[in-house]
Amino acid sequence: MAIIRHFLNTSKLVNISLNITLLLLAVGAALVVGSVMIMLMDADPIKAYQALYEGAFGTTNSRAETLVKATPLLFVGIGICVAFRGGVINVGGEGQMIIGALAGVWIALSLDTVPRFIENVPINDFPQITVVTLSLLAGFVAGALWGGIAGVLKAYFGVNEILSTIMLNQIALQLMNYLLNGVLLDPEQKDRVNRIPKTARIEEHAKLPRIDWFSDTPTRLHAGLIVGLVLAVVVYILLWRTTLGYRIRAVGQSDRASRYAGINVKRQVLYSILISGGCAGLAGAVQVIGLQYRLQTDGSAAGFTGNAGFNGIVAALFGGLHPVGTIPASVFFGALLIGAQSIQREVQVPASLITTLNGLVVIFVVSSQIFIKRLTKRRASVPPQPTPAAPKSLSALQEEVAK
Amino acid sequence: MPENLLPTGHRRIEQMRMQGIVKKFPGVLAVDHVDFDVKAGEIHALLGENGAGKSTLMKILYGLYHQEEGHIYLNDQSVVIRSPNHAIQHGIGMIHQHFMLVPSLTVAENVALGMKSSRGLILDLEVVSRRIRELSEIYGLQVNPNSPIWQLAVGEQQRVEILRALYRGAALLILDEPTAVLTPQEVDELFRILNQMTADGHALIFISHKLHEVLAISHRITVLRDGKRVYSIPAESATKEMLAQMMVGRPVVLRYDLPPIEPGPALLRLERVSATSDRGDEGLKNISLNVHAGEIVGVAGVSGNGQRELAQVIAGMRSITAGRIWLNNDDVTNHSPAAMNQHGLSHIPEARMTDGVIKNFTVAENFVLQNHGRKPYAWGGLFMNFRSITRQCKTAIKDYEIKTPSHETPIKSLSGGNIQKLVLARELSRQPRVLIAAQPTRGVDIGASEYIHHRLLEERTKGTAILLISEDLDEILALSDRIAVMYEGAIVGEVKRDAADVRTLGLMMAGSKVTV
Numbered sequence: 000m001a002i003i004r005h006f007l008n009t010s011k012l013v014n015i016s017l018n019i020t021l022l023l024l025a026v027g028a029a030l031v032v033g034s035v036m037i038m039l040m041d042a043d044p045i046k047a048y049q050a051l052y053e054g055a056f057g058t059t060n061s062r063a064e065t066l067v068k069a070t071p072l073l074f075v076g077i078g079i080c081v082a083f084r085g086g087v088i089n090v091g092g093e094g095q096m097i098i099g100a101l102a103g104v105w106i107a108l109s110l111d112t113v114p115r116f117i118e119n120v121p122i123n124d125f126p127q128i129t130v131v132t133l134s135l136l137a138g139f140v141a142g143a144l145w146g147g148i149a150g151v152l153k154a155y156f157g158v159n160e161i162l163s164t165i166m167l168n169q170i171a172l173q174l175m176n177y178l179l180n181g182v183l184l185d186p187e188q189k190d191r192v193n194r195i196p197k198t199a200r201i202e203e204h205a206k207l208p209r210i211d212w213f214s215d216t217p218t219r220l221h222a223g224l225i226v227g228l229v230l231a232v233v234v235y236i237l238l239w240r241t242t243l244g245y246r247i248r249a250v251g252q253s254d255r256a257s258r259y260a261g262i263n264v265k266r267q268v269l270y271s272i273l274i275s276g277g278c279a280g281l282a283g284a285v286q287v288i289g290l291q292y293r294l295q296t297d298g299s300a301a302g303f304t305g306n307a308g309f310n311g312i313v314a315a316l317f318g319g320l321h322p323v324g325t326i327p328a329s330v331f332f333g334a335l336l337i338g339a340q341s342i343q344r345e346v347q348v349p350a351s352l353i354t355t356l357n358g359l360v361v362i363f364v365v366s367s368q369i370f371i372k373r374l375t376k377r378r379a380s381v382p383p384q385p386t387p388a389a390p391k392s393l394s395a396l397q398e399e400v401a402k
Numbered sequence: 000m001p002e003n004l005l006p007t008g009h010r011r012i013e014q015m016r017m018q019g020i021v022k023k024f025p026g027v028l029a030v031d032h033v034d035f036d037v038k039a040g041e042i043h044a045l046l047g048e049n050g051a052g053k054s055t056l057m058k059i060l061y062g063l064y065h066q067e068e069g070h071i072y073l074n075d076q077s078v079v080i081r082s083p084n085h086a087i088q089h090g091i092g093m094i095h096q097h098f099m100l101v102p103s104l105t106v107a108e109n110v111a112l113g114m115k116s117s118r119g120l121i122l123d124l125e126v127v128s129r130r131i132r133e134l135s136e137i138y139g140l141q142v143n144p145n146s147p148i149w150q151l152a153v154g155e156q157q158r159v160e161i162l163r164a165l166y167r168g169a170a171l172l173i174l175d176e177p178t179a180v181l182t183p184q185e186v187d188e189l190f191r192i193l194n195q196m197t198a199d200g201h202a203l204i205f206i207s208h209k210l211h212e213v214l215a216i217s218h219r220i221t222v223l224r225d226g227k228r229v230y231s232i233p234a235e236s237a238t239k240e241m242l243a244q245m246m247v248g249r250p251v252v253l254r255y256d257l258p259p260i261e262p263g264p265a266l267l268r269l270e271r272v273s274a275t276s277d278r279g280d281e282g283l284k285n286i287s288l289n290v291h292a293g294e295i296v297g298v299a300g301v302s303g304n305g306q307r308e309l310a311q312v313i314a315g316m317r318s319i320t321a322g323r324i325w326l327n328n329d330d331v332t333n334h335s336p337a338a339m340n341q342h343g344l345s346h347i348p349e350a351r352m353t354d355g356v357i358k359n360f361t362v363a364e365n366f367v368l369q370n371h372g373r374k375p376y377a378w379g380g381l382f383m384n385f386r387s388i389t390r391q392c393k394t395a396i397k398d399y400e401i402k403t404p405s406h407e408t409p410i411k412s413l414s415g416g417n418i419q420k421l422v423l424a425r426e427l428s429r430q431p432r433v434l435i436a437a438q439p440t441r442g443v444d445i446g447a448s449e450y451i452h453h454r455l456l457e458e459r460t461k462g463t464a465i466l467l468i469s470e471d472l473d474e475i476l477a478l479s480d481r482i483a484v485m486y487e488g489a490i491v492g493e494v495k496r497d498a499a500d501v502r503t504l505g506l507m508m509a510g511s512k513v514t515v
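As given, the protein sequences belong to chains A and B, one line each in that order. Going by numbering that gives the first Met the number 0, the first residue of the first sequence is number 0, and it counts up by one from there. Going by numbering that gives the first Met the number 0, the first residue of the second sequence is number 0, and it counts up by one from there.
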């Protein structure tokens, strides 16, 4: 322990690597507890974890699928970093993703199936880069505005953002159901008796390209991942290199001290949830134009988002609320989710076990954070003191006073 | 009454002796082979700066910490004190600086709290009340057992704490900074009670850093510095200067000569300002106050009489319900904190850890809390210029003698005095026209206090208008050109430096209108 504390005192780099070690230990502990549960189901945990690993990383395709799963987690997670750093608990990722997807797909489709984006200018005339950029932008702005509703409510009317974002998730879902059965409905479905609520397929021009230069066999990996990596770096710079990021972090740490310093606290709260919602909106748009090529619903939010709006929060926490840290964290959770399917196949345990395993990882990671905090706190509670001076004799002191 | 019993019927502690006590915290020797003792019928004062080890030593005696080396003897028998409960069983009680009372319960209920009832599960408050009256009688502690705590004044609440300790049979009582929250008159009353207790055979340990009080009440004085016992001395042969020097380890100035300055124009003006407090009542009543350039105006008062609200109102943190405020001849009534900053206001807030700094931010980040978006700390108001921030912050660390491992250390791991120096450095670097210093040296050791005082005097010479709000009368008297006294949200009087003395101020702090 003394050694650990010594390291905590010394360098930032050691601090980070200690953090990572503790994270890995926490994951290991979660896997150990998970293996007990697998054994209770009469299955072999070694085999199960092997299946998990093979399923997530075994083949080119499985590696690609892991990254595909990780992409929306990354976008949402980056947004969560901003919100949580700003002291805003944004649990509206699901709704913001949906709204972002609706806006993104609307732009992508504005060719012919929905009211024209610009009258008489068919989208085919725009180069791909323009269309893609426009629909990503639309996704960001729409997600930001959707989050912004909760932001205005919190900043100016004191409404708890956890409640409002959860409620806005429901509203977004029903809005999607309504639009997918109405104006956004695929024209081919219009005349059918049993309509499937989905949009038409977007044109090639509107698609994010697939990434295929690393393998011969085609995979579903798409350029959304690269957008996400760039976004992580941009948000890192935003949080730690700009005055806006400084203010957001200041408000998140202490709104009182920020107010005393003359920072407009309400405005920073709004900004942080706008950015956060924008990132989640991007996640939605990317899912549509990069992966699914249409927006389709089974009537539930998870049917489209795959719960990424919530899992992204976990990824962000796992990544230490740091946008760059969120990258490996998203890949990790992506791997767990993909590997879950093969566990189910190979060793006949329910895939919901992985949900449990996810939960275990979260619990262990959170407790490891408490552990770190306690170590640092103990150090902080004892202020550094100068080396004690030798006590002077009274007569010496009296002499000095006399002088 | 047998010789070895106290009037409360409990056994006396003839002598308590701590011998060779050592307590280590990671990286620090908090208590280093300290001997300490107290006898029945005596007040032994424990004196030292923050972090000198005096509260650590007392927490060991009260069972909150455990020593690594050394022994505790009660009446020459070695004892191990495992917990505060165990300490109480041994007859050792402690009055904490912050009272541990439940405001909504009555005196009797508070005294009975956590005690075994004489009738099993049924709480017999009648018995408790009777016993409280007996004890009050013996020690002259006037308290009504049936009043709820929230109705009592601070001095009365302290008496309840003492009563509770006596009720539980404390023969030895540790008083941790008991005078910090009292008016001078309440201090006199407390001292009368303490003298009565020693006369009855109690042993008292009095922790303080107020030298005149220590000299007034105690029989013996022990000074701790950096975890070591520097000296023990009978009170009658000690002087203030000597004690201060022993605490700090070098000569200390206790009085400042204010060079006469012709006060300039009034830079801060308050006219009939009223405001609501957090409790919802009238926190400020009709306050009118001017502070001129080159002048320090002290605001004295017992804690909670509107000083906090006054500072907040000027800082733009609390809106006012009536009146006007001018900074630099501009009407800034109910302007935002940012606007106040722009009108040349600097503010050292009373709660420095929550209002003055952001705990988890580094020293450098905290240094630019207000000006992070301006030149030279930012490019175009958008990007932080860390090179410039680092350079300016390093200069400040050097100029203000801030002890910190680096400018990138989280500020929360600095000591109170060093955090306050950083706040001071930040506020003065903004070259204020008006400075509000609220409790600038509370919880700050003598060395740093002296430094802060000198900086304030320098600002005065520069022509800054300074409003000094403090509960430390010595500080007010040492620094102020004029002194305003607050009582229940109003200014009850204003005194010139030459006409001020502790007695008059004390009376005014208790609410009497005194004409000087």
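If you're looking for bench data, these hints aren't it; they were derived computationally from the structure. No residue lacks a Cβ here, since even glycine has one placed at the ideal position from N, Cα and C. Accuracy of the hints is not assured; some may be wrong.
Said to hold, decoys possible - Restricting the straight-line Cα-Cα distance to at most 27 Å, the calculated cross-link-like pairs of lysine-lysine (BS3-like) are:
#, chain 1, residue 1, chain 2, residue 2
1, B, Lys393, B, Lys358
2, B, Lys411, A, Lys265
3, B, Lys358, B, Lys397
4, B, Lys358, A, Lys265
5, B, Lys209, B, Lys393
6, A, Lys265, B, Lys227
7, B, Lys227, B, Lys239
8, B, Lys461, B, Lys495
9, B, Lys411, B, Lys461
To be verified - Cβ-Cβ distance ranges computed for the label pairs, FRET-style:
#, chain 1, residue 1, chain 2, residue 2, range
10, A, Met166, B, Ser103, 31 to 39 Å
11, B, Phe385, A, Glu203, 56 to 64 Å
12, B, Asn333, A, Thr355, 51 to 59 Å
13, B, Met352, A, Arg344, 52 to 60 Å
Claimed, not checked - Calculated from the model, a selection of chain A residues having no Cβ within reach of chain B, i.e. all distances over 10 Å:
#, residue
14, Leu17
15, Glu187
16, Asn193
17, Arg240
18, Leu243
19, Tyr245
20, Ala249
Hint by hint, here is what the structure shows:
1. In summary, the hint linking B/Lys393 to B/Lys358 is supported, as the alpha carbons are separated by about 19 Å, within the 27 Å threshold.
2. Among the hinted pairs, B/Lys411 with A/Lys265 is consistent with the structure: their alpha-carbon atoms are about 25 Å apart, no more than 27 Å.
3. The straight-line distance between the Cα atoms of B/Lys358 and B/Lys397 is roughly 21 Å, inside the 27 Å bound, and the hint therefore holds.
4. For a cut-off of 27 Å, the pair hint linking B/Lys358 to A/Lys265 stands: about 20 Å separates their Cα positions.
5. About 34 Å separates the Cα atoms of B/Lys209 and B/Lys393, which puts this hinted pair outside 27 Å; it is violated.
6. A C-alpha spacing of about 50 Å is found between A/Lys265 and B/Lys227, which places the hinted pair above 27 Å, so the restraint is violated.
7. Restraint check: the Cα-Cα separation between B/Lys227 and B/Lys239 comes to about 20 Å, which is no more than 27 Å; the hinted pair holds.
8. A C-alpha spacing of about 21 Å is found between B/Lys461 and B/Lys495, which places the hinted pair at or below 27 Å, so the restraint holds.
9. Taking the CA atoms of B/Lys411 and B/Lys461, the gap is near 31 Å; set against the 27 Å cutoff, the hint is violated.
10. Roughly 36 Å separates the CB atoms of A/Met166 and B/Ser103, a value that falls within the hinted 31 to 39 Å.
11. Taken as a hint, the range 56 to 64 Å is violated for the pair B/Phe385 and A/Glu203, whose Cβ atoms sit roughly 46 Å apart.
12. Separated by about 55 Å at the C-beta atoms, B/Asn333 and A/Thr355 satisfy the suggested range of 51 to 59 Å.
13. Evaluation of the 52 to 60 Å hint for B/Met352 and A/Arg344 yields a pass: the beta carbon distance comes to about 56 Å.
14. Look at A/Leu17: its CB is around 16 Å from the nearest CB on chain B, clear of 10 Å, so calling it non-interface holds up.
15. No Cβ of chain B approaches the Cβ of A/Glu187 within 10 Å, the least distance being about 49 Å, so the stated non-interface status holds.
16. Separation of A/Asn193 from chain B is adequate, the least Cβ-Cβ distance of about 54 Å exceeding the 10 Å criterion.
17. Against the 10 Å criterion, A/Arg240 falls within the reach of chain B, whose nearest CB is about 6 Å from its own CB.
18. Here A/Leu243 does not stay apart from chain B, with its beta-carbon only about 7 Å from theirs, under the 10 Å limit.
19. A Cβ of chain B approaches the Cβ of A/Tyr245 within 10 Å, the least distance being about 5 Å, so the stated non-interface status is violated.
20. The Cβ of A/Ala249 does not lie farther than 10 Å from every Cβ of chain B; its closest approach is about 6 Å, which violates its non-interface assignment.
Of the numbered hints given earlier, the model fails hints 5, 6, 9, 11, 17, 18, 19 and 20; all others are met.
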